[in-house]
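Number of protein chains: 2
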Amino acid sequence: MVIVGAGFGGLEAAKALGKADNVRVTVVDRYNHHLFQPLLYQVATSVLNTADISAPIRSVLHSRNTEVLLAEAKSVDARRKVLVVEGGEIPYDSLVVATGASHSYFKHPEWADVAPGLKTLDDAVRIRERILTAFEAAEREPDPERQREWMTFVIIGAGPTGVELAGALAYMTRHSLPKDFRRIDTRQARVVLLEGLPRVLNAYPEELSEAAKRDLEKLHVEVRTGALVTDLDAESVTFGDERIATRTVLWGAGVAASPLVRSLEVPLDRAGRVKVTPLLTAPGLEDVYVIGDVAAAEQHGKPVPGIAPAAMQMGRHVAKTIRDRLANKPLRAFRYHDKGSFAVIGRGYAVGVLYDKWRMKGLPAWCVWAGVHIAYLIGFRNRLFVMLNWGYTFFTQGGRNMRLITHNVAKRMPALAASPQAPALPPPARPELPASQPAPVH
Amino acid sequence: MVIVGAGFGGLEAAKALGKADNVRVTVVDRYNHHLFQPLLYQVATSVLNTADISAPIRSVLHSRNTEVLLAEAKSVDARRKVLVVEGGEIPYDSLVVATGASHSYFKHPEWADVAPGLKTLDDAVRIRERILTAFEAAEREPDPERQREWMTFVIIGAGPTGVELAGALAYMTRHSLPKDFRRIDTRQARVVLLEGLPRVLNAYPEELSEAAKRDLEKLHVEVRTGALVTDLDAESVTFGDERIATRTVLWGAGVAASPLVRSLEVPLDRAGRVKVTPLLTAPGLEDVYVIGDVAAAEQHGKPVPGIAPAAMQMGRHVAKTIRDRLANKPLRAFRYHDKGSFAVIGRGYAVGVLYDKWRMKGLPAWCVWAGVHIAYLIGFRNRLFVMLNWGYTFFTQGGRNMRLITHNVAKRMPALAASPQAPALPPPARPELPASQPAPVH
Chain A
1 MVIVGAGFGG LEAAKALGKA DNVRVTVVDR YNHHLFQPLL YQVATSVLNT ADISAPIRSV
61 LHSRNTEVLL AEAKSVDARR KVLVVEGGEI PYDSLVVATG ASHSYFKHPE WADVAPGLKT
121 LDDAVRIRER ILTAFEAAER EPDPERQREW MTFVIIGAGP TGVELAGALA YMTRHSLPKD
181 FRRIDTRQAR VVLLEGLPRV LNAYPEELSE AAKRDLEKLH VEVRTGALVT DLDAESVTFG
241 DERIATRTVL WGAGVAASPL VRSLEVPLDR AGRVKVTPLL TAPGLEDVYV IGDVAAAEQH
301 GKPVPGIAPA AMQMGRHVAK TIRDRLANKP LRAFRYHDKG SFAVIGRGYA VGVLYDKWRM
361 KGLPAWCVWA GVHIAYLIGF RNRLFVMLNW GYTFFTQGGR NMRLITHNVA KRMPALAASP
421 QAPALPPPAR PELPASQPAP VH
Chain B
1 MVIVGAGFGG LEAAKALGKA DNVRVTVVDR YNHHLFQPLL YQVATSVLNT ADISAPIRSV
61 LHSRNTEVLL AEAKSVDARR KVLVVEGGEI PYDSLVVATG ASHSYFKHPE WADVAPGLKT
121 LDDAVRIRER ILTAFEAAER EPDPERQREW MTFVIIGAGP TGVELAGALA YMTRHSLPKD
181 FRRIDTRQAR VVLLEGLPRV LNAYPEELSE AAKRDLEKLH VEVRTGALVT DLDAESVTFG
241 DERIATRTVL WGAGVAASPL VRSLEVPLDR AGRVKVTPLL TAPGLEDVYV IGDVAAAEQH
301 GKPVPGIAPA AMQMGRHVAK TIRDRLANKP LRAFRYHDKG SFAVIGRGYA VGVLYDKWRM
361 KGLPAWCVWA GVHIAYLIGF RNRLFVMLNW GYTFFTQGGR NMRLITHNVA KRMPALAASP
421 QAPALPPPAR PELPASQPAP VH
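Here the protein sequences line up with chains A and B, keeping their order.
Per full-length UniProt numbering, the very first residue in the first sequence carries number 1; after that it's consecutive.
Per full-length UniProt numbering, the very first residue in the second sequence carries number 1; after that it's consecutive.
You can trust all of the hints, since none of them are fake.
Where chains are identical, the list cannot tell them apart; a pair therefore holds if satisfied intra-copy or between any two copies.
List time: in silico PhoX-like cross-link candidates among lysine-lysine, alpha-carbon distance up to 20 Å: (1) K119 - K411; (2) K15 - K179; (3) K339 - K361; (4) K275 - K302; (5) K218 - K361; (6) K19 - K179; (7) K320 - K19; (8) K411 - K74; (9) K19 - K329.
Please keep in mind that the hints were generated in silico from the structure rather than gathered at the bench.
Work out the full structure: start from the sequences and follow the hints.
Encoded structure:
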């Protein structure tokens, strides 16, 4: 059988089938690593390394019956039972489609260049560079208005990704960066979080949305709900009657399922997800299972949420179904067990719901969040190094060593103040620094 | 005063001047981080993270009199005493040029695309991806000849970089990767090290070159000396009458000083370095100091080597000269103290010379190398995390978690075997794997 996508769902299915003697598994992914997406925002905000939240798929799937293939899946030919990849075809008896989702730019694909989303390690590294580069540019910028634009960050979408990114970025501007700069005060940076719906974390109970908003505002994040973005370019964001001048826009809104499932020619929902059967198969295709963020599953009339635990449960369920079929055992419908979900606001602050019952906020919620994330990280090494890096950041009050710009961005910096007599650099403006001391400049 | 380049020389000068009250320092670099280049090959071979061997320049230089500017230096106008950067000019009273060197492709700049060198973090990440991608491609490749090409790695230049890269890569193919692949045996990979001169590590005593060659060959590196490369393309390397078919060529030969010094209009040596005065100034320009790999300094008729300790000594010497000048003290000529240099061959193997006297090889040399490198790494965090990562790799017999391909390389993979009846993937060929077991493929 063939599994496309080694995210939470696909990997869990592969691991569960790796123990079966009577199955041969091929796992296809376009990257060589499994990614622990829930911590991606911490790579983007310089807390963690790329390797801390990822693991080579090959080293996770060492079973003898499992093969891993680096390949870009193009389409499924369900009649010929073939997965078409770039450069070839892979026949299957059963297929598990677990190719995930990305953010949706609604009807504005051109916004993707200006406002990158956060889905891959490359995205995280790119966003990290954009944030750090903006402060470098602000430090160089002689014009106060343009300096303010460089120090304004707009995050679109207040789901968990947007909220976590906004909180981490605001914390960074207040605690990690201030003492590094001479001409700007990074604590003056604006972090604006825009949400089209009436509240942040819309999937959470209203009381937790309120708490999250209050905590974000304590971190000096400007939260704007009911703010539908109508225009976006490299220098501004427009919503309603308002326009914010900014050089850094990050995108965390909407859900667009991987386009691979379109080739299945089965009914899709508005986000492009397959409306799966209770066995998690595509309607009419009993050998094609669809799981994780590409699946629109329902339970008691409520959608199963697009989060890691749901994808993992689906992966395990599909593995069981396949084994049961081979053993001619009766098959069972998928049932989602809601263990809860959490979103972090800042250092020691989170909100969340445990077992669909207990609403938590503040430090207790953060402790559950941290424990669960460490526990679910793949591999001993990742757990150890994530804890060490968190410990380092905690004890140094926000110290962040991953503040790397590895690309040469120097050519994109703003022009310095041009003045043939005076020094080209304006004198440092920070009050703490004795700019006017009579030091002979040598 | 202005310092261009925050490598070993520039950073040391800035740190030494950071304590002086009567000097204001501006450090200009096109990257935001200082890079510990001697360990770059360990990022390229998946042992260390990018952040483990780098530190944000701003966090290293926290003195009140020091300013950091991210900018690309274009030229020096020594008459107007101005450093010209992309987007502006920075006037100086004294200038320290510490912009380093890159590899030289001799008269073939077009080879740079095919055979990347190892000088920046981006280079290291790119080389890491090329190495890992080659094995992924080999695993997919149905044609045995092309598969061998993907599993052939040629490294050009057997200076310290080339030797260390070859040793680490050979170790990786034998110990870190074998159990990850099903269709290829990574232990069959060829690592070929080409050197135009008659021996490897030409700057070292002959006896150590011999020892290094023997140790490399024990690691199954094919060492070819006196091998001048005459042609190079995406599929082969030609030297003498020989041609090696390979998809991965890495470059570690030649030295080309940063082109910035050409604008000084002073005498340069063949590698483009400034022939500095005993005070390390450019001839005829007493306010322009040139240090590190852009300086061609001599001592007792022998060139000062282009290594980190020499650059650091130069940086400290220039800082002292500047302070002495301000204090109207007599100035002293630069004297290089040769503390030694070491090159690592493999796990627990190195060669080197200590204090220009003691020749060392094997484990003792490796211990000195490791100790010195840990001691000179910038910052407590880097030391701790490099040691932890080394410990992890050591105790897991080569376990390498940084095996990340973060770019989407899937589109560049070779075509799968096309055969409409049989499965598109050829059956696994590894003897350990029971390819012919009568497992029902589901």
